[in-house]
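**Student:** Going down the list, the protein sequences come from chains A and B.
Note that my numbering numbers the first sequence so that position 287 is 287, with each residue one more than the last.
Count along the second sequence from 1, add 1000, and you get the number used in my numbering.
Hint data in this document are derived by calculation from the structure and do not stem from the laboratory.
In this text the structure is predicted, and so the values were computed from the model without any measurement.
A few of these clues could be false.
Derived CB-CB ranges, DEER-like [unchecked claim]:
| hint | chain 1 | residue 1 | chain 2 | residue 2 | range |
| --- | --- | --- | --- | --- | --- |
| 1 | A | Q116 | B | L1093 | 50 to 58 Å |
| 2 | A | P360 | B | A1290 | 45 to 53 Å |
| 3 | A | I24 | B | A1302 | 33 to 41 Å |
| 4 | B | L1042 | A | E117 | 40 to 48 Å |
| 5 | A | D136 | B | L1475 | 51 to 59 Å |
| 6 | A | D136 | B | V1020 | 52 to 60 Å |
Yeah, the Cβ is synthetic: ideal placement off N, Cα and C, and Gly gets one too.
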Amino acid sequence: MKKSETPNHTAIDVRNVSKRFGEITALDDVSFTVAPGELFFLLGPSGCGKTTMLRILAGLETADNGEVLFDGRDTRNLPPHRRGAPMVFQNYALWPHLRVSENVAFGLVEQKRPGQEITERVRRTLERVGLAGMDDRSPGELSGGQQQRVVLARALILNPNVILLDEPLSNLDARLRAEMREEIETLHGETDITFVYVTHDQAEALSLADRMAVMNEGHIEAIGTPRELYHYPPSVFCADFLGESNLVPGTVRARDGEVLHVRTSLGSWHAVYRGSRPPAAGAAVTCLVRPEHVRPDGGGGNTWEARIESVRLNGSTVTVALSAGDFALRATLLNESTLGLQPGTTVRWRASIENTVVLP
Amino acid sequence: MKRNTGTWIAFVFAVAFLAVFLAWPLAHVFRNALVDEGGWSLTYVRNLFVAADQIEALARTFLLAVCVTATSLAVALPIAWVFARHSFPGKSLLAALLLVPLILPPFVGAVGMKLVFARCGALSTLMMKLDLAKGPVDWLGSYPLLGVVVMEALHLFPVLYLNLVASLANIDPSLEEAASNLGASPWRVFRRVTLPLAWPGLFGGLVLVFIWSFTELGTPLVFGVRRVLPVMIYDSVSEIGTNPMGYARVLLVLVFSAGGFWISKRAGGRRGVATLGRLSVAKAEKPLSAKGTVLAYLLIGAVILVAAVPHLSVVLVAVGRRWFMTVLPEGYTLEFFGRAMASQMTRDALRNSLGLAFCATVLDVLLGFGIAWLCVRRRVRGADILDAVAMVPLAVPGLVIAFGYIGTFSGAFPRTLLDPRTNPLTLLAISYAVRRLPYMLRAAHAGLQQTSVTYEEAAANLGASPLRVLRRITLPLVSANLLAGGILCFAFSMLEVADSLILAQSEEFYPITKAIYALIDGLENGVNVAAALGVWAMALLGSALLWTASLLGKRMGQMFRAGQ
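My request is simple: use the sequences and hints to build the entire structure.
**Tutor:** Below is the structure:
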């Protein structure tokens, strides 16, 4: 039985997992680790394989190749009901023929806990998720948010090592989603349970994750903390998926430590590179400038001229669409009435060197 | 709400037909069972529960129905579970083969099985050859209900299987996955989640099977089991004018049947929300391993083979020269088919059945389409009630209708075309039509609902009168459904058992099923000739179903679940 390289330091260890469904490759050589107590996200667009990966963790699918280790133990022969990794299902999967208390108590009944203990634990857990007194309701009588909490309670009550969450908030409206996001964060903080959370909503991932893996078409694009991946995305896909991007191609002229001198069609720029293999001189690269880092020129940094195509009010921010030659760029500025930007005028813009990132 | 003459004629005709040929006979039964010299009284009904032999007969009928239901469930449940939850090669072929037992009325199969179960029949001989028994065993003598239970269970388990597969398929697979995920082993998942969620639909199916067995006449009659309720009713037809106990029994059967039917609909309809959110990602079916596939094939193959035994036995009796103390007949011959063709009675029977089935089908097409049209297109007030009343025959056993007809019409219209003692043909055709009307009605409804009303509106807009619209647009568009419904009506009318047995009293008017019954105990090799007729009937019904299946495709299954 193989043990992980750092014994007792990973709660979950996924190694070279692949999975096909007929012609379709759902997962292609996926590997990552999750530390104990982490709130780990699998983020990606629909069809990227994240839900398949989660179901493999739960034992509801079997990987074609590769290994999955829980606490260093191989789970290949472990059937779903013995994995101890309760899952919050996307469509809740609350049993309509059981009341709320019975839904929540389900796993404890399977563990053959004594009745008194079960009743007490159910009561406490329902209180904890804000559903005190709802024991005797049936799931159909609850609102979406309440149903969501029952499903969480159902998993939490078992005090497991790992809880799996499959897009738990996607059925809720925006306001409820924000509320539940905070709740999940609080609940996670109060325990030392490892959470593996699957979502396509990058805002969710960026705000909640300790670490996250960005997935695309069955493989992992990047793993890192939200900050790392947002500011220094390792690929164009990551840059685009995690937020708005202005992508400007160019050629490397010279390198000075972390700073690269890049010749782009918008001008001669200096940009930061934080990857492990700095590009050589002459290499073609892409520079990333996030729209929120584009300002009207005030001196310093990388500058260029661009025509204002449109100015759109979003509420607290203003989105300015720019065009410079063949390029379409965007700037997101705070809404200040003194800006006085007019469509049709040509203005000089800047972005600081730290905020201009070379993508590998 | 357009009211033209056509609508009125259709409405009045339908109401009149149902009033005379459904409501009146049923009312007649109620009246005769519940009224004695002094007015309304429960005397006759109470008598059913008083005398020891009456109670014994009731109990035996009950026991029979329970055994049949339990056996059907035992066969249907594992098969349904395998089908609903797994995928494996050849699945659709096997699924189709499992429905074959529905083709043959158990009455016909019983003819062959009677010989198989006989003291010196095939089963006895096989057991002696395999050293499982020391001497010939008279199965039917030692276990009188055995033949009936086996035949009925083999005929009915597909109904339960279809019902179960539908119930199981309705369960959101994520509900079972969640149970597994939270620690329940596969058996516990079945017990705590699958079974409770499938139960309402399953219960409905069980009640239907129970009621069917409780009211079945043909099979016990062939096996000579006389002390069960349906056969006692059959025996009391001759005393119908004098002894009201027959009516009391019929009333009991009617109440039981209608009550059971109602319970079944309620149970099946109370579908708790099987999923509260979006449909889950997971597929419900898991592919079977190689070992699993082999086991599945063994299980399902065994059931299909056993279910085919009655069909096979009928064929063997029809072509077997001598079948005594051997596992298979000693020689084969076509002489019994020849004798069937030569006999006056069988030729008349064939002619009668063909004519009766044809008339019944025409009647059903007219009525079924008419009522459906009134409901869906014309939306006449009261059409919905008419529709509901026209569905009532589903809950009324043929036994009850036939008995009611004899009582009502021989009393009210003696020595006319409507008097079954003089000439039962009219009433036979009508009884077939009444019994099959619900199926025809559903087929017509489906056809009309699938056809957009805008086609008709466009035709009217371009100058076609209502009758022309009907002829040129509506009927052609629903013709496939009507044809399919018509074929089924025809086929099942050809093999109608209870009405034929009860209403046809003299030989010249025998339909096929009555002729078969008469031949069994008749002259030398009568049972072989009967079997030859049975084979012919099987071939007919089989072809009719194949034809309908090719017309309707997957929607066939709905026909057999018309009761739900």
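**Student:** Regarding B:L1042 and A:E117, is the given constraint of 40 to 48 Å on their beta-carbon distance met?
**Tutor:** The hinted range 40 to 48 Å is violated for B:L1042 and A:E117, with Cβ atoms some 56 Å apart.
**Student:** Is 52 to 60 Å a correct range for the gap between the Cβ atoms of A:D136 and B:V1020?
**Tutor:** 54 Å, holds
**Student:** At the C-beta level, are A:D136 and B:L1475 separated by a distance inside 51 to 59 Å?
**Tutor:** 56 Å, holds
**Student:** Evaluate the given range 45 to 53 Å for the C-beta pair formed by A:P360 and B:A1290.
**Tutor:** Since A:P360 and B:A1290 have Cβ atoms about 47 Å apart, the given range 45 to 53 Å holds.
**Student:** How does the Cβ-Cβ distance of A:Q116 and B:L1093 compare with 50 to 58 Å: does it lie in that range?
**Tutor:** Given about 54 Å between the Cβ atoms, the range holds.
**Student:** Looking only at beta-carbon atoms, does the pair A:I24, B:A1302 fall within the given range of 33 to 41 Å?
**Tutor:** 37 Å, holds
This entry does not satisfy hint 4, going by the numbered hints stated previously; all others are met.
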